[in-house]
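J.: Add chain B to chain F, keeping to what the hints say.
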Amino acid sequence: MNSITGKRKRPADAALYIIIVSFTISVSAMVVYFIGYILFKGVRGVTLSFLTTAPNPINNTVGILPAIINTVYIIFLSLLVAVPVGVGGAIYINEYAKSSRLIRLIEFTTETLSGVPSIIFGVFGYVFFCMFLGLKVSLISGAFTLTLMVLPIIIRTTQEALKAVPVSYREGAAGLGATKWYMIRTILIPSASGGIITAVILSVGRIVGESAALILVAGGSAMYMPKGNFFQQIMGSGSTLSVELYRYAYSRGENEIGFAIAAILLVIVILLNLTIKTIKKRLNGGAK
Amino acid sequence: METSITRSRGSKAPIEAVMNCVFLVCGLTAVASVVLISIYMIASGAPAVAKIGAPRFLAGQIWNPESGKFGILPLILSSITATGLAILIALPVAISVAVYLTHIAKERTANAILFLIELLAGIPSVVYGLLGAILIAPIIFKIQTALGLPMSGSLASASIVLVIMILPTIISVSVSSINAVPKEYNDISLALGSSKMQSIVKVILPAGKSGIVSGIVLGVGRAIGETMAIMMVAGNAPIMPELLKPARLLTVGVSMEWAYSSGLHREALYGIGLVLFAFIMIINVFLSFALKNGGAKR
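In order, the protein sequences belong to chains F and B. With the numbering used here applied, the first sequence has no gaps in its numbers, which climb one by one up to 288 at the end. With the numbering used here applied, the second sequence has no gaps in its numbers, which climb one by one up to 1298 at the end.
With the rest of the complex left out, here is chain F (with noise of 0.2 Å):
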């Protein structure tokens, strides 16, 4: 630092110091170290066969193509409901909403409701969609429970993004005469949409990541492509890459596969964050 407050060494000090860089440094190691792992012992099961087909018992081949589908679908259902409502809600409690008290509430329960674990949320969803509203174990059953798990990211990212459209442009255009519905069209909703789009990433990093919670309520097992229509297909059960991993490398003991999987999922995460950096970058650079 400088002469005054670096001439006198405490030994104190130097001990505090060296365990705090040495705990940054194993933990840093230790994601590299995990990150790594992963890819080295996974890397070599991702083969094109792996990638584009069924299981297929009788030629002892594995693949994880349903499994994929499945996991498409469930993103896009969840998102379907759940990125409108969430940019609904942020743009409710951000712009119209009067009453602090509700402002409070609907911020305690989504806090509430981004606590809640993901087994809590597959008991919910078996309970609520599944038996109450008659949709059995399914992909769409799974989309709706993930619905609820990902709709807190989505309002609080959305409503971080809002407080950041300066009020400026919300006077100029009430005073050029727009309305309140035509201002969030036009003006608040393009202004935020960086936060939205950082918003879906994050959902989506989330909803892959799933599994607890749709074990119980979208099935457990990926052996076949879906079948029938779009509609037969998400009425059905089928369990997502996730829960694929847990069924490989738990229930049946083949670690290979799943580290196959755990590469393709890091993979994903990795460019999901990788994503919402480079949009975290261009919304600063475009700041300034």
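Note that these hints are calculated values from the structure, not bench results. Take these hints with a grain of salt, some might be off.
[To be verified] Selected chain B positions facing chain F (in silico; Cβ < 8 Å):
id	residue
1	GLU1016
2	PHE1023
3	VAL1126
[Stated by the list, open to error] To be clear about the criterion: a stretch of chain B counts as covered by chain F if any three or more of its residues have a C-beta under 8 Å from a C-beta of chain F, and this derived list gives those stretches:
id	segment
4	1090–1098
5	1129–1143
6	1254–1261
7	1269–1282
All C-beta atoms, glycine included, are put in the ideal place defined by N, C-alpha and C.
T.: This is chain B only, laid out in the frame that chain F set:
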């Protein structure tokens, strides 16, 4: 925020009124979800608790559905033990990393480490389960063999996996609470002649305490709710918690026997879900208190 121009503009067009309603409904969805979840968790969990009897359910030490014994005390204690251990180990590490990121590292290094921490937060729990089973459990196996115990999944493995999983939560909350401490505190403390480390330990960390506490509470919530990773490393026998023996946590208690349960057995699993839900709600109330106090101090 409450600018009169944008707020006062009452609109006549019907679309405005419709959209107002639509947004209100969207806003209330979160409230409705929490209410629905609470109602359904209680409605599905309470009958089993009533049939088995709350004391026998909550304080019973034996879980054996075949002989009609539904005591979940081992599950409750295992969850508490694993969570407590995980927090105890994760906390000093997380605070160290947070201090390093905010006060020692150069910006580029800090960004790189933050990216790694965010990755750690994004890794799915099944992947942690797999890593735990392949990398961490074997270390515990060696200790078990050395002590003459049977090799199995254990409470220790589960706690270590939880440590890794809650690290990113506590780190990121601690980083933001340390960043929220006014820079002058540090400047003044340095100007008064304290060293960098003294200023961190005596001034910055105490000032950021409330934020760190909410990080801990969030970590507890995450740890107590974790299911899949634990199921893959804990061995899952419903016995009283012992570090080197298999343990079944509350979350695993629900998911483990789900597929082949029916009747009272299934209802008892709903009951476990209700107990877990009660834990989480208590933690949430704590969290909102911690946040409120934190806000008042600043």
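J.: Hint by hint, note whether the structure agrees.
T.: Status of each hint after checking the structure:
1. Proximity of GLU1016(B) to chain F holds as hinted, the smallest CB-CB distance being about 5 Å (cut-off 8 Å).
2. The beta carbon of PHE1023(B) is positioned within 8 Å of a beta carbon in chain F (closest approach about 4 Å), and the interface hint is therefore held.
3. With 8 Å as the threshold, the beta carbon of VAL1126(B) comes within range of chain F, its nearest partner Cβ sitting at about 5 Å, so the hint holds.
4. Three residues within the 8 Å Cβ limit are the bar, and the segment 1090–1098 of chain B against chain F gives 4, so the coverage statement holds.
5. Judged by the Cβ-Cβ criterion of 8 Å, the segment 1129–1143 of chain B is covered by chain F as claimed, because 6 of its residues qualify and three suffice.
6. With 4 residues having a Cβ less than 8 Å from any Cβ of chain F, the segment 1254–1261 of chain B passes the three-residue criterion, so the hint holds.
7. With a cut-off of 8 Å between beta carbons, the segment 1269–1282 of chain B has 7 residues touching chain F; three or more are needed, and the interface restraint holds.
Hint compliance for this structure: every hint is met.
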